[in-house]
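Can you make the complete structure from the sequences, with help from the hints?
To convert, count from 1 in the sequence shown and add 5; that's our numbering.
To be clear, the hints were calculated from the coordinates, so they are not data collected in a lab. Glycine is no exception: its CB is placed at the ideal position from the N, C-alpha and C atoms. Please note that a few of the clues may not be correct.
As the list claims (entries may be wrong) - Between beta-carbon pairs, the in silico distance windows are: (1) Ala13 - Ala40: 34 to 40 Å; (2) Val105 - Gly70: 34 to 40 Å; (3) Pro96 - Val48: 17 to 23 Å; (4) Gly70 - Trp102: 38 to 44 Å; (5) Trp102 - Gly73: 34 to 40 Å; (6) Ala13 - Arg76: 16 to 22 Å.
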Amino acid sequence: MKNDHLHAVVKLLAAFLVISVSTVVAVVVMRHDPALVTTAVWVRTPLVAASAAVLLLLARRAAAGHRGSFRRLRVISMVVLAAIVAVVAWPGAFPVWLRVEQAVCGVVMLSVVVRTNLRAARSSGS
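Below you can see the structure in the form of structure tokens.
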């Protein structure tokens, strides 16, 4: 990997993927409780897991020196962070348990956004 920032980003996004996939599994387990698993939860959780997988792929490619992947990683991570903030802040749209899970993911994504926008990361050749 070209620098410590991208190495940390790969680890953070791997954690984001694990959390997201675990959430999808939890949704399947809790599927019979409509108070905990709403239609919005069914739609949101697989999309978050898919975005986590895409972000991890981009981070790995960026760490290998692909400039285009690094630019995509920066943009998509900001969009994902904004979507997470909206979910957490939107009262009543999602169950509390999912909003808490998304808040945890938001902290991870904030760290990714900060790390990918540091001057050292941008100028590392990635």
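These are the hints, each one checked on the structure:
1. With their beta carbons about 38 Å apart, Ala13 and Ala40 fall inside the hinted range of 34 to 40 Å.
2. At roughly 37 Å, the beta-carbon separation of Val105 and Gly70 lies within the given 34 to 40 Å, and the hint holds.
3. A C-beta distance of roughly 18 Å is found between Pro96 and Val48, which places it inside the suggested range of 17 to 23 Å.
4. About 40 Å separates the C-beta atoms of Gly70 and Trp102, a value consistent with the hinted range of 38 to 44 Å.
5. Remark: the range hint 34 to 40 Å for Trp102 to Gly73 is upheld by a beta-carbon distance near 37 Å.
6. Between Ala13 and Arg76, the C-beta spacing of about 19 Å keeps the proposed range 16 to 22 Å intact.
Violated hints: none; the structure is consistent with every hint.
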